[in-house]
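Top line first, the protein sequences correspond to chains B and S. Taking the working numbering, I'd label the letters of the first sequence as residues 1 to 88. Taking the working numbering, I'd label the letters of the second sequence as residues 1 to 94.
Keep in mind the hints are simulated off the structure, nothing from the lab. Treat the hints loosely; a few may be bogus.
Below, simulated BS3-like cross-link-like pairs (lysine-lysine); rule was C-alpha separation at most 30 Å, straight line [unchecked claim]:
1) S:Lys23 - S:Lys54
2) S:Lys23 - S:Lys5
3) S:Lys5 - S:Lys38
4) B:Lys9 - S:Lys38
5) S:Lys54 - S:Lys22
6) S:Lys22 - B:Lys18
Which stretches of chain S does chain B cover? Using the computed rule of at least three CB atoms under 8 Å from a CB of chain B, they are [stated by the list, open to error]:
7) 4-11
8) 35-42
What follows is a list of derived Cβ distance ranges for each label pair [stated by the list, open to error]:
9) B:Lys15 - S:Lys38: 28 to 34 Å
10) B:Asp16 - S:Gln14: 23 to 29 Å
11) B:Asn52 - S:Asp39: 27 to 33 Å
12) B:Asp69 - S:Leu68: 16 to 22 Å
13) S:Val11 - B:Asn52: 17 to 23 Å
All residues carry an ideal CB built from backbone N, CA and C; glycine is no exception.
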Amino acid sequence: MRLGRIIGKVWATVKDPKLDGTTLYIMQPVNEADQPTGMPVVAVDTVGSGENDLVYWVGGGDATVPFEDRSIPSDVTIVGIVDHLETE
Amino acid sequence: MIIGKVIGNLVATQKHYSYQNKKLLLVKPIDLQDRKEKDVIIAVDTVDAGVGDKVLVMSEGNSTTEELGFERRQPLRSIVIAVIDHIEHHNASG
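Next up, chain B with everything else stripped away, as it sits in the complex (with noise of 0.2 Å):
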C-alpha cells in the first residue's frame, strides 16, 4: 500500500452502477515526508475521506476487492485514513 494526499473530487452520475455509494477523489501519491511522488489519479473512496486527508491506498487487482458483497471497478482504492505517522 502507499500515501496520498487527497487534493480534489470528482462528480459522475453516469457511471457503473458498482461505483454507486462511493466517492471519487483527485489524489496526489505522496512520500513520508508528503511530498509528491507521480502523477494524481483518481481514487475510489470506501472509508469515509475528506478533502486534504492523508490516507493510505492499494492499486492494482487489489483495489477491486474492498466490499464483501461486490467488487468495483478500480485500480487505486483508498483503504486508510492516516492519523498519525511517525519515522525515523
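Based on these hints, arrange chain S on the given structure of chain B.
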C-alpha cells in the same frame, strides 16, 4: 519479495476492516548496496519488526490475504514476513 528498511510506523483508526488490529509499518525498499530506492511502502507487520530493522516484504494480494488467514481476497497487498539478520551477496551481474 523485496528487501526494505523499516523507517517508521503509521496509525489509522478509520480503515478497511481487513486492517483491524494490525500493525502498519513504513518500509523503504533498499537495494543490495543498502541504498534507499523507490517510494516508501506501507506494509502490515506479521513478525513484530521494529524501526531500523531490515525486512522482507511480500506484495501480492492473493498470497498476502491467504497468509493473513482471510477466506476471500482483501484490498491489502504488502506484508512484512521476515526480519533479516544477515545478507551475503556478490554483485548482481548482467
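Outcome of the hint check:
{"no.": "1", "hint": "S:Lys23 - S:Lys54", "result": "16 Å, holds"}
{"no.": "2", "hint": "S:Lys23 - S:Lys5", "result": "16 Å, holds"}
{"no.": "3", "hint": "S:Lys5 - S:Lys38", "result": "12 Å, holds"}
{"no.": "4", "hint": "B:Lys9 - S:Lys38", "result": "27 Å, holds"}
{"no.": "5", "hint": "S:Lys54 - S:Lys22", "result": "19 Å, holds"}
{"no.": "6", "hint": "S:Lys22 - B:Lys18", "result": "29 Å, holds"}
{"no.": "7", "hint": "4-11", "result": "holds (count 5)"}
{"no.": "8", "hint": "35-42", "result": "holds (count 4)"}
{"no.": "9", "hint": "B:Lys15 - S:Lys38: 28 to 34 Å", "result": "33 Å, holds"}
{"no.": "10", "hint": "B:Asp16 - S:Gln14: 23 to 29 Å", "result": "25 Å, holds"}
{"no.": "11", "hint": "B:Asn52 - S:Asp39: 27 to 33 Å", "result": "20 Å, violated"}
{"no.": "12", "hint": "B:Asp69 - S:Leu68: 16 to 22 Å", "result": "20 Å, holds"}
{"no.": "13", "hint": "S:Val11 - B:Asn52: 17 to 23 Å", "result": "18 Å, holds"}
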